[in-house]
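There are 2 protein chains.
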Amino acid sequence: MIELNFTKSTDGLLPAIAQDATSGEVLMLAYINQESWEKTLETGKAHYWSRSRSKLWLKGESSGHVQLVKEILVDCDQDTVVFKVEQLGGAACHKGYASCFFRRMNGDELEVISEPVFDPAKVYG
Amino acid sequence: MIELNFTKSTDGLLPAIAQDATSGEVLMLAYINQESWEKTLETGKAHYWSRSRSKLWLKGESSGHVQLVKEILVDCDQDTVVFKVEQLGGAACHKGYASCFFRRMNGDELEVISEPVFDPAKVYG
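Which chain is which? The protein sequence lines are B and Z, in order.
If you're matching positions, the first sequence starts at 1397 in my numbering and goes up one per residue.
If you're matching positions, the second sequence starts at 1397 in my numbering and goes up one per residue.
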């Protein structure tokens, strides 16, 4: 197994960038620890470490919006990865947008640049 | 100015993803603090916080490979940003590659998927 440099951070977490394998759109950034890295490799589905809930997080476990990992890129320092994914349900963001990066800076404003794909109230209940 | 959620991390650093504004290729991930965020907005050139040198880092200050920031995306939690950049010199990685993510996992191997753009020994002396 490819070893990542988890000792680079004090909390043992490294950033993982999820990028749409087809469009190249950056969908989200989340964190992985050794366990989520292994689970991702083992299952082919993106697993992260939820910092808010302090637990292993299969992306899509509540929403069904699982990320199928098509390709993994590793950076020069082996302390960041890119998961190239097929995003099931078409949306990575818990706010219902395809990407968590659905806002662009426009001077002192944040301008919404895409349409929501789902209604969070319906998906998360 | 747009306020980011720097209190989300214990060290006051947030990840910034540099993405090629034209090709969509993810070039690198580095960290920003409040000062580097302000400097980036003020100058239009990507500034990060160097964790190894513990100092403000104008990307390209040694190599000349400055990143001109064309667009900034902010995520749903306001704790990660994407800098869409024009990468001067054509290479973001100190190892001479266009992207720091120049290796792809292939089973238990890391396969180099691009050609270097410059020779690091010549650029960094």
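Quick caveat, the hints were computed from the structure, so don't treat them as lab data.
Take these hints with a grain of salt, some might be off.
Stated by the list, open to error - Listed next, the in silico DSS-like pairs over lysine-lysine satisfying Cα-Cα at most 30 Å (straight line):
hint, chain 1, residue 1, chain 2, residue 2
1, Z, 1441, Z, 1518
2, B, 1466, B, 1435
3, Z, 1518, B, 1435
4, Z, 1491, B, 1491
5, B, 1491, Z, 1518
6, B, 1404, Z, 1518
7, Z, 1466, B, 1491
8, Z, 1441, B, 1404
9, B, 1518, B, 1491
10, Z, 1491, B, 1466
11, B, 1466, B, 1518
12, B, 1466, Z, 1466
13, B, 1518, Z, 1466
14, Z, 1404, Z, 1518
15, Z, 1441, B, 1441
Stated by the list, open to error - Just so you have them, the derived chain B footprint on chain Z, three or more residues with Cβ under 8 Å:
hint, stretch
16, 1422-1432
17, 1438-1445
18, 1481-1493
19, 1514-1521
Unchecked claim - Pairwise CB distance ranges (calculated):
hint, chain 1, residue 1, chain 2, residue 2, range
20, Z, 1519, B, 1404, 20 to 26 Å
21, Z, 1440, B, 1516, 40 to 46 Å
22, Z, 1507, B, 1502, 27 to 33 Å
23, Z, 1485, B, 1451, 31 to 37 Å
24, B, 1518, Z, 1506, 25 to 31 Å
25, B, 1460, Z, 1457, 27 to 33 Å
26, B, 1398, Z, 1486, 24 to 30 Å
Since we're looking at a predicted model, the values are computed, not measured.
Note that beta-carbon positions come from the ideal geometry of N, C-alpha and C, so glycine has one too.
Quick rundown of the hints versus the structure:
no., hint, verdict
1, Z:1441 x Z:1518, "holds (24 Å)"
2, B:1466 x B:1435, "holds (15 Å)"
3, Z:1518 x B:1435, "violated (41 Å)"
4, Z:1491 x B:1491, "violated (38 Å)"
5, B:1491 x Z:1518, "violated (47 Å)"
6, B:1404 x Z:1518, "holds (28 Å)"
7, Z:1466 x B:1491, "holds (26 Å)"
8, Z:1441 x B:1404, "holds (26 Å)"
9, B:1518 x B:1491, "holds (11 Å)"
10, Z:1491 x B:1466, "holds (26 Å)"
11, B:1466 x B:1518, "holds (29 Å)"
12, B:1466 x Z:1466, "holds (29 Å)"
13, B:1518 x Z:1466, "violated (36 Å)"
14, Z:1404 x Z:1518, "violated (39 Å)"
15, Z:1441 x B:1441, "violated (36 Å)"
16, 1422-1432, "holds (count 3)"
17, 1438-1445, "violated (count 0)"
18, 1481-1493, "holds (count 4)"
19, 1514-1521, "violated (count 0)"
20, Z:1519 x B:1404: 20 to 26 Å, "holds (24 Å)"
21, Z:1440 x B:1516: 40 to 46 Å, "violated (35 Å)"
22, Z:1507 x B:1502: 27 to 33 Å, "violated (40 Å)"
23, Z:1485 x B:1451: 31 to 37 Å, "violated (43 Å)"
24, B:1518 x Z:1506: 25 to 31 Å, "violated (42 Å)"
25, B:1460 x Z:1457: 27 to 33 Å, "violated (46 Å)"
26, B:1398 x Z:1486: 24 to 30 Å, "holds (27 Å)"
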